[in-house]
Each structure stands twice: as C-alpha cells, then as structure tokens.
Amino acid sequence: MFTDQTRNLSLTAELNSFIRTQVASGRHRTAGEAVRAGLRRLQRQHGRDERRTSAFAKDQHHAR
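In full-length UniProt numbering, the protein residues as written are 1 to 64.
It should be emphasised that the hints constitute simulated quantities derived from the structure, not laboratory data.
Some hints here could point you the wrong way.
Each pair of labels, with its calculated beta carbon distance range [said to hold, decoys possible]:
# : residue 1 : residue 2 : range
1 : GLN45     : ASN16     : 20 to 30 Å
2 : ALA24     : ASP4      : 21 to 31 Å
3 : VAL23     : HIS62     : 30 to 40 Å
4 : GLN60     : THR21     : 10 to 20 Å
Even glycine gets a Cβ: it sits at the ideal position worked out from N, Cα and C.
Please model the entire structure based on the sequences and the hints provided.
Right, dumping it as structure tokens:
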C-alpha cells in the first residue's frame, strides 16, 4: 500500500533557484510539486533507458 512520506533534501543553489523559478512562473504550485514532477520525469526516463538496454542486449544475443 502506498503512503505519502516526507523527505528532507539538500539542494544546490542552482537547483533551489530553478525550483523557485518554476513556482514563481506558475508551472508548479509548490516546491514539493516541482520536485515530484522532476522525479516522475526521471522515473519515466529510467524506464525508457532500461527498455532500450534490454532490447539492445536481446539484439546482441540474437546476433550471435
């Protein structure tokens, strides 16, 4: 069962500024929302990378 959890993160000044800009622009309502959006994007990218790696390995195996 999924439950919300709180995490405390240390951010670089650059990342903190980026988050503030995202919130100020209205793209995200809160800093937490901006961070969650970034993590979801990272999660999707990781899934795509995993699928590509798996497909490449499968192609290499069949090429032998």
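Structure-based check of all given hints:
1. GLN45 <-> ASN16: 20 to 30 Å: At roughly 22 Å between Cβ atoms, ASN16 and GLN45 fall inside 20 to 30 Å, so the hint holds.
2. ALA24 <-> ASP4: 21 to 31 Å: 25 Å Cβ-Cβ, so the 21 to 31 Å window holds.
3. VAL23 <-> HIS62: 30 to 40 Å: Violated, at about 49 Å.
4. GLN60 <-> THR21: 10 to 20 Å: 43 Å, violated
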